[in-house]
Amino acid sequence: MLGALIIVFREVIEAGLIVGIVLAVTRGVPGRGLHVAAGLAAGLLGAALVAVFAGELADAFSGAGQEIFNAGVLALAVVMLAWHNIWMASHGREMAANLKNVGQAVAEGSRTLTALSIVVAVAVLREGSEVVLFLYGIVASGAAGFHELLLGGTIGLASGALLSALMFLGLVAIPARHLFRVTTALITFLAAGMAAQCVVFLQQAGYVTALSRTVWDTSSVLPDDSLLGRVLHTLFGYVDQPSGMQLAVYLSVLAVIFVATKLASPSHVSRKRVSMA
Amino acid sequence: MKMVRTLAALALTAIWCAPVVAQQATVRITIKDHRFSPSEPHAPASQAFAIVVKNLDSTASEFESKTLRVEKVVAPGGEITMRIRPLNAGRYHFFDDFHQDTTEGELVVE
Numbered sequence: 000m001l002g003a004l005i006i007v008f009r010e011v012i013e014a015g016l017i018v019g020i021v022l023a024v025t026r027g028v029p030g031r032g033l034h035v036a037a038g039l040a041a042g043l044l045g046a047a048l049v050a051v052f053a054g055e056l057a058d059a060f061s062g063a064g065q066e067i068f069n070a071g072v073l074a075l076a077v078v079m080l081a082w083h084n085i086w087m088a089s090h091g092r093e094m095a096a097n098l099k100n101v102g103q104a105v106a107e108g109s110r111t112l113t114a115l116s117i118v119v120a121v122a123v124l125r126e127g128s129e130v131v132l133f134l135y136g137i138v139a140s141g142a143a144g145f146h147e148l149l150l151g152g153t154i155g156l157a158s159g160a161l162l163s164a165l166m167f168l169g170l171v172a173i174p175a176r177h178l179f180r181v182t183t184a185l186i187t188f189l190a191a192g193m194a195a196q197c198v199v200f201l202q203q204a205g206y207v208t209a210l211s212r213t214v215w216d217t218s219s220v221l222p223d224d225s226l227l228g229r230v231l232h233t234l235f236g237y238v239d240q241p242s243g244m245q246l247a248v249y250l251s252v253l254a255v256i257f258v259a260t261k262l263a264s265p266s267h268v269s270r271k272r273v274s275m276a
Numbered sequence: 000m001k002m003v004r005t006l007a008a009l010a011l012t013a014i015w016c017a018p019v020v021a022q023q024a025t026v027r028i029t030i031k032d033h034r035f036s037p038s039e040p041h042a043p044a045s046q047a048f049a050i051v052v053k054n055l056d057s058t059a060s061e062f063e064s065k066t067l068r069v070e071k072v073v074a075p076g077g078e079i080t081m082r083i084r085p086l087n088a089g090r091y092h093f094f095d096d097f098h099q100d101t102t103e104g105e106l107v108v109e
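Protein sequences appear in the order of chains A and B. If you're matching positions, the first sequence starts at 0 in numbering that gives the first Met the number 0 and goes up one per residue. If you're matching positions, the second sequence starts at 0 in numbering that gives the first Met the number 0 and goes up one per residue.
Hints are not guaranteed to be accurate.
As the list claims (entries may be wrong) - The calculated SDA-like cross-link candidates involving lysine to any residue, where the alpha carbons are at most 25 Å apart (straight line), are:
(1) B:65 / A:147
(2) B:53 / A:64
(3) B:65 / A:54
(4) B:31 / B:46
(5) B:53 / A:54
Claimed, not checked - In silico contact screen, one side only, chain B against chain A (beta carbon under 8 Å); selected entries:
(6) 31
(7) 34
(8) 37
(9) 53
(10) 66
(11) 69
(12) 71
(13) 79
(14) 88
(15) 89
(16) 90
(17) 97
(18) 105
(19) 107
Bear in mind the hints are in silico, worked out from the structure with no lab data behind them. Everything numeric in this text was worked out from a predicted model, so none of it was measured. Built from N, CA and C at the ideal position, the CB exists for glycine as well.
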């Protein structure tokens, strides 16, 4: 039971934190519930498919199918997150200009709802397929009774959901005029972390070989498979033994999204003046 | 859209340019009854090599190692290949993420 609990909790954290952020980002946007639910459903369906066809997937692309698939969905999520940030920056002037209409201005964000529901789907898909494979393995090997498995899985799922609820509540407690800045920054870090994770899969498949040396090793101080390490990994892309290429891609994506978001905002000079007033 | 197309083109290029495992050393590991065999395989230091894992069990496994920086699902009866960067001599711990309590081993690089 404990095994099922731990693994389900572990995998749900990552997807849950991302769902929490997306819910906070889209607060007040009409139709967001539907989009997030659709993302969850698509992710779960995809996870089941990936689990069922794990063998076929692994054999695709002369054995690099899993890596290409993982790198591909991560790259998709990175593009969606970047697009969301840039779009919101270029249309979010009203938010700062007229604080009374924050709800209405955030509603502008409904355009990028599809992008964010894709991000939710990707997060659920990646973590969910592992959960399915693992739980199926337990059932098949008869190591634990079905009820114990169910109990462990449910507690794991509930704890993970609780964490994502805390994430959401923590974010929405931020005053509205700061929330936009905070979520923009969060999404930028989220995207950079995913891009770095994408590199790991490309390295494992042998497509990327440059800068493979480990830059630092903080596994004894803060292992990235500990609870705090995992949360930091999801939110900021923390890795305890990153390669040079991971770090380079992380910093590049961070810089590119940051600069693109700045450039996309119609007149960040005048916006600054308004928000200071 | 243009960005998407560029990305797709890049991805395809990457797939076509996949390095061929020609002269690379290969470490072969099998999983049976949730045990790695051998549980202490050896690999040459300072050169890239490949690890091939064959799963003879009826349940899925996930071959994982923090220090080798790999994480890959092995379907029941399936076989996977992972490319490993040139490593310094030392011992590198690996495990089955789905059966951590029983299935682990160490790669000896020398």
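Checked hints:
A hinted pair counts as satisfied when its Cα atoms are at most 25 Å apart, and residue 65 of chain B with residue 147 of chain A does not qualify at roughly 30 Å. A distance of roughly 16 Å separates the Cα atoms of residue 53 of chain B and residue 64 of chain A; the hinted pair therefore holds under the 25 Å criterion. Distance check on the hinted pair: residue 65 of chain B and residue 54 of chain A sit about 23 Å apart at the alpha-carbon level, within 25 Å; holds. For the suggested pair residue 31 of chain B and residue 46 of chain B, the alpha carbons sit about 29 Å apart, so the restraint of at most 25 Å is broken.
For the hint linking residue 53 of chain B to residue 54 of chain A, the alpha-carbon distance of about 12 Å falls within 25 Å, and the restraint holds. With a least beta-carbon distance of about 13 Å to chain A, the hint placing residue 31 of chain B at the interface is violated under the 8 Å criterion. Below 8 Å, beta-carbon pairs count as interface contacts, and residue 34 of chain B has none with chain A, the closest being about 14 Å; its hint is therefore violated. Contact between residue 37 of chain B and chain A, as hinted, is not supported at the beta carbon level, the nearest pair being about 21 Å apart and thus beyond 8 Å.
Because the closest C-beta pair between residue 53 of chain B and chain A is about 12 Å apart, greater than 8 Å, the hint is violated. For residue 66 of chain B, the interface hint holds, since its Cβ comes within 8 Å of a Cβ in chain A; the closest pair sits about 7 Å apart. The criterion of a C-beta within 8 Å of any C-beta in chain A is met by residue 69 of chain B, whose closest approach is roughly 5 Å, and the hint holds. Of the supplied interface hints, the one on residue 71 of chain B holds, with its beta-carbon coming within about 6 Å of a beta-carbon of chain A, less than 8 Å.
Hint on residue 79 of chain B holds. Least Cβ distance to chain A is approximately 5 Å, under the 8 Å limit. Residue-level restraint check for residue 88 of chain B is violated (minimum Cβ-Cβ distance to chain A is 14 Å; threshold 8 Å). Among the interface hints, the one on residue 89 of chain B is violated; its C-beta lies about 12 Å from the nearest C-beta in chain A, farther than the 8 Å criterion. Annotation: residue 90 of chain B was flagged as interfacial toward chain A, and the flag is violated, the nearest CB pair being 14 Å apart, outside 8 Å.
The beta carbon of residue 97 of chain B is positioned within 8 Å of a beta carbon in chain A (closest approach about 5 Å), and the interface hint is therefore held. Interface restraint check for residue 105 of chain B: the shortest CB-CB distance to chain A comes to about 16 Å, outside 8 Å, so the restraint is violated. Checking residue 107 of chain B against chain A by beta carbon gives a least distance of about 18 Å; that is not within 8 Å, so the hint is violated.
Figure legend: structure checked against the earlier numbered hints; hints not met, in rising order: 1, 4, 6, 7, 8, 9, 14, 15, 16, 18 and 19.
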